[in-house]
Amino acid sequence: MSKSSDLIQGTLDLLILKTISLEPKHGWAIAKRIQQVSNEVLQVTQGALYPALHRLEQQGWIRAEWRASETGREAKFYALTRAGRAQLERELAQWERLSDAVRLVIRTV
Amino acid sequence: MARWFDIVRLWLRSLMRRGRVERELDRELRFHLDRQTEENIAAGMPPEQARRAALRGLGGLAYIEEECRDMRRTALLETFWYDLRYSCRTLGRSPGFAAVIVLTLALSIGANSAIFSAIEGVLLRPLPYPEQNRIVRFFLSSAAYPKFPVNAFDFLDFRARNRSFGSMAVMSRADMQLSGTGEPEWLTGFRVSSGYFRVLGLRPLRGREFDTRDELPGNERVAILSHRLWRARFGADSGILGRKLLLDGRPFTVVGVMPPEMRHPGNEYRPVVYGDTVDLWWPFTFEGNPNQRGSHYIEGIGRLKSGVPPTQADAEMNAIMAQLAREHPDNDRGWRVLVIPLYREIVGTAPRLLMVLLGAVALVLLIACANAANLLLARATGRQQEIAVRLALGAARSRLVRQMLTESALISVLGGAAGAIVATLGVKALAAMLPGGFPRGHDIHVNAAVFTFTLVVALSTGILFGLVPALQASRPDLRQSLRGSGRGVTGGGRHLRLRNSLVVAEVSLACVLLIGAGLMLRSFVNLLRADPGFHPEQVLTAGIALPEETYGTRKSLRRFYDQLAARLGSLPAVGAAGLGTDLPWTGYDDNLGGFQIEGKQPPPNEHFHARYHAASPDYFRALGIPLLRGRFFTDADAAETPQVLIVNRAMAQRYWPGEDVIGKRINFFEDHPKDKDWSTIVGVVGDVKDTPEKSAAAPAFWWPLRQMPFGFAVMTIAVRAKSDPAPLAAAVRHTVGDLDPALAIADVRLMHQIADASVSTPRFTLFLVGLFALLAVALAAIGTYGVVSYSVNQRTHEFGMRVALGATPCDVLRLVLGQGVKLAAGGVAIGVVCALALARVLRSLLYEVSAADPLTFATVASAALAIALLACYLPARRATRADPAVALRAE
Chain A
1 MSKSSDLIQG TLDLLILKTI SLEPKHGWAI AKRIQQVSNE VLQVTQGALY PALHRLEQQG
61 WIRAEWRASE TGREAKFYAL TRAGRAQLER ELAQWERLSD AVRLVIRTV
Chain B
1 MARWFDIVRL WLRSLMRRGR VERELDRELR FHLDRQTEEN IAAGMPPEQA RRAALRGLGG
61 LAYIEEECRD MRRTALLETF WYDLRYSCRT LGRSPGFAAV IVLTLALSIG ANSAIFSAIE
121 GVLLRPLPYP EQNRIVRFFL SSAAYPKFPV NAFDFLDFRA RNRSFGSMAV MSRADMQLSG
181 TGEPEWLTGF RVSSGYFRVL GLRPLRGREF DTRDELPGNE RVAILSHRLW RARFGADSGI
241 LGRKLLLDGR PFTVVGVMPP EMRHPGNEYR PVVYGDTVDL WWPFTFEGNP NQRGSHYIEG
301 IGRLKSGVPP TQADAEMNAI MAQLAREHPD NDRGWRVLVI PLYREIVGTA PRLLMVLLGA
361 VALVLLIACA NAANLLLARA TGRQQEIAVR LALGAARSRL VRQMLTESAL ISVLGGAAGA
421 IVATLGVKAL AAMLPGGFPR GHDIHVNAAV FTFTLVVALS TGILFGLVPA LQASRPDLRQ
481 SLRGSGRGVT GGGRHLRLRN SLVVAEVSLA CVLLIGAGLM LRSFVNLLRA DPGFHPEQVL
541 TAGIALPEET YGTRKSLRRF YDQLAARLGS LPAVGAAGLG TDLPWTGYDD NLGGFQIEGK
601 QPPPNEHFHA RYHAASPDYF RALGIPLLRG RFFTDADAAE TPQVLIVNRA MAQRYWPGED
661 VIGKRINFFE DHPKDKDWST IVGVVGDVKD TPEKSAAAPA FWWPLRQMPF GFAVMTIAVR
721 AKSDPAPLAA AVRHTVGDLD PALAIADVRL MHQIADASVS TPRFTLFLVG LFALLAVALA
781 AIGTYGVVSY SVNQRTHEFG MRVALGATPC DVLRLVLGQG VKLAAGGVAI GVVCALALAR
841 VLRSLLYEVS AADPLTFATV ASAALAIALL ACYLPARRAT RADPAVALRA E
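If you read the sequences in order, they're chains A and B. Residue numbers are given in this note's numbering: position 70 of the first sequence equals residue 70, and the series is strictly consecutive. Residue numbers are given in this note's numbering: position 183 of the second sequence equals residue 183, and the series is strictly consecutive.
Since the hints were made in silico from the structure, they are not lab data. In this text the structure is predicted, and so the values were computed from the model without any measurement. Any given hint could be a false lead.
[As the list claims (entries may be wrong)] From the structure, some residues in chain B lie toward chain A, with a derived Cβ separation under 8 angstroms:
hint, residue
1, R3
2, D6
3, I7
4, R20
5, L55
6, G57
7, I64
8, E67
9, R72
10, F153
11, L156
12, D738
Yeah, the Cβ is synthetic: ideal placement off N, Cα and C, and Gly gets one too.
Next up, chain A with everything else stripped away, as it sits in the complex (with noise of 0.2 angstroms):
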């Protein structure tokens, strides 16, 4: 079970931050809702979810909160902070700029 194969790395960051960025969640329910809207194909290795989710919280993108989840347990939900937004503004523009770069050159090739 590797990481990184799962995964383009850095990418994830970019899809924790914009799976919050409608309503906060805690680390399963994003797993879950990454695996799920992206119809299965990305599986969220849930080893490397926590530590960047710490990671973030440490950069100051996001903000940890504890508080009842749907099944009524405390769970600790992770919510966007001011500058967690701007920051997905800026990752999500240079992952369309990445990536509109390689379907360029897959095409022209």
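Put chain B on the given structure of chain A with help from the hints.
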């Protein structure tokens, strides 16, 4: 902004609330596991399997937890924390070892901080005047008189012609007697020209400062008071301005009060050192013929215009001096102007002294470092096996080095903390011991800068003495250590070599210090042994100043002095009582007079001159200044009898070399003296230097008080007591009060106090350097003992074998002592060479001792060897008791 706030908050939380953060991480991951397990069960797995699958999905709880912790970036600190606790435990296990290192470090760091606080206060802190670096002092200078006061009319020309100075002023000590209300009080005063306070950058708290109108003759009856005087004597009276004071019997009007932060900038002639109390100022007036510029008694001070460097001002002033020399060739030829920044003038020779002291304590600190490194090395050798095991188990070398550095840093910080206490006490002691007149002595305090210095020194010391042992220890010979070679291998040659060289370094540094201290001791002994030229024991002195109002004529002065000398001389406890215009060893008053010698011509462009004084008949007897030829003054030398003089030996030798001076005549009139103008030399007295460390006395002569050519209104009383002089103070005060109730005596001192004070600087230096040298020697002895004792422990087995093979205890003793002496001899040799190289620095602090004094060097070398032998003796004795049976059994 908010983002950084979040980051810091989180980081601190991870650090401070570690337990809580860990629990939260645990809860978060468990929540995930449970949800995944539930989902797996819902998908049809049996509970046990569902749980395992969930765990597998997460990929190892411990691993993830560790990763998350890494993300919090507190790992570095946590290892530090861990290392710190580990270090505390290991140190706690060998408290003796820890105490020795911490104590030696505390002493040496504390000493460094104490000396640093002196350097900070005296050298680094700017003077308390606005833009103080623009203030300069100026003097005249010639070949014979390197630093001389200026002439008043020359000053006026300087002031009018220069472009470098924003303002410029002169000052001249002029104490006065305050009478009228209450006890008469002697006030330290200065006559200053207009702009004096502007030069210092200070304004009066109340009233005004002097302007050029106050400089006109007749306008000098105004005064500016110090804050202290205003409060102490006048109760901070708000109506002080305009009030009349009786000073020297004349009424003065108060026109100003200075603020409390006014500091006297220090002066050279009849000096009041920087920062000492000055009570009042009154105007300097420019009187007399502006074309006669021979008299020099005022000192210049000025504030440069911004951007003008002192060198430029110096050049301009000298250009003006050259003009003046052309305009007034008689008086102004042969002088240069000396412009010196006030700061340099105030600190004087203190930087050199302080730097020598700093050098000495820095050496002590280096020795303490070498010592600590040595002890740590010894211990690291003991821990070699543990370290080897940890390395073999995969510990990173950097991790081990870091851990050992943490330990040494902990030791050094403990040492630094204790050192700060030592420094605080040390600075108090230092301030109390400081020689009188040491520049800026009041400015020496322990403050934040000193503590910062202590911390920096402590930490860098820790790294200095910790790094080498740590690098060494983390590179052990794995195979050998792991084999647990219990047999007498002496910790590897590498270690031993390193430790030996550390000991050699310690001994050599200690030798350098010891040699320095030895030289200073010799110099100090020379100073004490040098014949002072007088007998300071049992002599009480006091100052007196007669106000012009009551004692305006020479006749009235003479009458008062005659009565005073007679009354003092007839006091029952008094052996001899004299009056004179100066005292031995109190420095140079601005009393230089020119004269003509009968039958002699001065060399071109030079004058005959000497210090002039006046004295009553018993003055020399009271001070114990010996008569070499001729006679003292007697009561028969009166105003109307032929004029007589007493000269000192220096004057006799300078102007009449090889001749008998008794009966020779000089006079003080420029041209065509009448016969009665000539003064005849009737006696020669011994030389007394200005200050004891001066190389020679200056030529000087004395008038009899009764024949003084002008009125000396300031006089020194010297009484030689038959026994204890101290109780005489009251009698002297009464005698003066009986003659004139408005008079106060000042500066009541015992002559031996003056003599003591005049050698206080060398004594102070000697004491400190000696103290540091002792500390250094003790440290080096500990170091030598440590190394030899350690190697004896390692070689017990070998010694046992030697004894078994027939070596006598004496042989073993010789073997061990030989090892110690070899180290010490190496250290001493290096130390001697270093001391010779460094001797230059000391030369100016020494009195009649060569900086390469063979006696001192030889004594120190043998003392160092002897101490080394002593340090080796205990371990050597232990070596002789090595049991051959134990050694053989182990074989």
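We went through each hint and held it up to the structure:
no.: 1; hint: R3; in the structure: holds, 4 angstroms
no.: 2; hint: D6; in the structure: holds, 4 angstroms
no.: 3; hint: I7; in the structure: holds, 5 angstroms
no.: 4; hint: R20; in the structure: violated, 11 angstroms
no.: 5; hint: L55; in the structure: violated, 10 angstroms
no.: 6; hint: G57; in the structure: holds, 5 angstroms
no.: 7; hint: I64; in the structure: holds, 5 angstroms
no.: 8; hint: E67; in the structure: holds, 4 angstroms
no.: 9; hint: R72; in the structure: holds, 6 angstroms
no.: 10; hint: F153; in the structure: violated, 76 angstroms
no.: 11; hint: L156; in the structure: violated, 72 angstroms
no.: 12; hint: D738; in the structure: violated, 88 angstroms
In summary, the structure is inconsistent with hints 4, 5, 10, 11, 12 from the numbered list given earlier, while agreeing with the others.
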